[in-house]
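*Asks:* Please build the complete structure, drawing on both the sequences and the hints.
For the record, the sequence lines run as chains A and B.
With our numbering applied, the first sequence corresponds to residues 212 to 428, in that order.
With our numbering applied, the second sequence corresponds to residues 288 to 599, in that order.
FYI, nobody ran anything at the bench for these hints, they're computed from the structure.
Since the model is a prediction, treat every value here as computed from it, not as a measurement.
For glycine and all other residues, C-beta sits at the position ideal for the given N, C-alpha and C.
Among the hints, erroneous ones may be present.
[As the list claims (entries may be wrong)] Derived contacts from chain A toward chain B, CB cut-off under 10 Å, selection only: (1) 215; (2) 222; (3) 225; (4) 385; (5) 387.
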Amino acid sequence: MSAVRLRHSRTLLTLHRLRDGSGRPLLLLHGLGERTPEAAPSELLSWSGPIFGLDFTGHGASSVPRGGGYTAEGLMGDADTALRQIGRATVVGRGLGAYVALLLAGARPADVRGAILRDGLGLAGGGPSPGTPQIPFPNPAASGPPDPFALAELSNDVRPPDYATAFLRQAIELSGLERPLSVCCAERPEWLAAVAGEPGALETHVDEALRHYAAVS
Amino acid sequence: MDAALTAEEATAARHPCARRPDRQRFVSCHGLRLAVCEWGDPGAPAILLAHGGFDFAGTFDVFAPLLASAGYRVVSWDQRGHGDSDHAELYSWEADVRDMLAVVDSIGPEPVVLVGHSKGGAISTHLIQAAPHRVRAFVNLDGIPSHKPPPDVADHERTRLLARELSGWLDHRQAAATKVRKPDTLDGLARRRQRMNPRLPLEWLRYLASIGARKDPDGWRWKIDPALRPGGFGPWRAVWSMSRFASLPVPLLGILATESEPMGWDTRADDVRPYLPPRARVMELPGVGHFVHIERPKEVAELTQGFLAELR
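*Replies:* Right, dumping it as structure tokens:
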């Protein structure tokens, strides 16, 4: 396993190469508060291409910003930075990473060759509309990573269902893939229920999803 | 100032009605340094002014002294990435509100009066809802979002999902680390800013440039973080803010612009009335644009004083 440092605005991200291979790379996006695992998860080993994992801002071996300011859109920028390094890829996201994978599939439809959504921490976010306004002040003494600001802010980011489906529709329209999204999750927050009901999203098993995207150009 | 001023620049830096703050200090919010400034008697009741997106505290250099001479301690700060505050790694609405609370805490234990313009009005609204015990009264200066997406609110604040907008934003993020602003003369900066502020006189914009920009060997550059980008997209919608206005537990005066312009929010009193809490007042200033406190500093200061006097 090797790693490279990538610059995204003022953050230094760490992209881990978990396994070599030939063919299109697979990019793994971890869940809220997690980091890239030490080795490629066994459920992904049927993939023939190289497998990469990105540590999001404030997580794992990536740098920790001062004073928070996290958004899921900002993490989409993290994932886009990884994509620029490895080229067109199929993306597997867990929890928060699954939501980011959806955003990235809509924002970079030519470069994301399928997004696979898995259960994981931070899948629900802050729900479909804002809750009671609050100002999270994480304990400054808490040691990270993960950055306590990331945990406080990204567990609270609002994910309206129609916002999520707009990204999927854009992926359908511009990726040339009939099925840019595979939903392999048991948990169904509202944004994901809406997305899973759209044409272009298929509920399936991760093995099947990997086979499907390995075959698309 | 970082370098000697030419005679022309020195003239620009002297505006007949503007007065630089009496005191300047810094507040550290979780490692981020925020520039705070004050006008008036430090023992007087405090008013905190919140500037709009892509502005800075110096935009209150005419308005704040008027309130200070009416017997208030007037405080303002540069939001992260703006004016003399640190350029941050990340920017978000929530982070701006948290920074604002750090500034409120630095003023003292007593509740303060908030006056917020544009985005500053919107983050003030959020702060009041999250920490009502810290606020005594609220004056909102053309900072009530209604139907039109606010143009001076960055990044995650919109629902437009044009492919071009998304890829443009991502491309900007990649370039942001190394981006530097274009150098220009003070006059050049003022004229460029006038495209977004068409109703504001050049004399004022030259003054703003003289305090909001720094003089490098190759010319003047705005101090604002080049990583910030107007516009954007995101899950936020105006109706969420608007419907929560009804819950505000503090006395409220809303002063709205009526002249449409690029940075304006185009909210009218009739849009707001159904969402006002009891005893709140919202009014329109005929013939005035988005920067109500810059176009009519005296009138807006008098309205603010009158409103606060009624609370005593």
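*Asks:* If a hint holds in the structure, say so; if it doesn't, say that too.
*Replies:* For each hint, the structure was consulted:
1. The restraint placing residue 215 of chain A at the interface with chain B is violated, with a minimum CB-CB distance near 16 Å, outside the 10 Å limit.
2. With its C-beta approaching chain B no nearer than about 6 Å, residue 222 of chain A sits inside the 10 Å limit, and its interface hint holds.
3. Here the hint on residue 225 of chain A is broken, as its CB sits about 15 Å from the closest CB of chain B, past 10 Å.
4. Among the interface hints, the one on residue 385 of chain A holds; its C-beta lies about 6 Å from the nearest C-beta in chain B, closer than the 10 Å criterion.
5. Given the 10 Å rule on beta carbons, the hint for residue 387 of chain A is violated: about 13 Å separates it from the nearest Cβ of chain B.
In summary, the numbered hints that this structure violates are 1, 3, 5.
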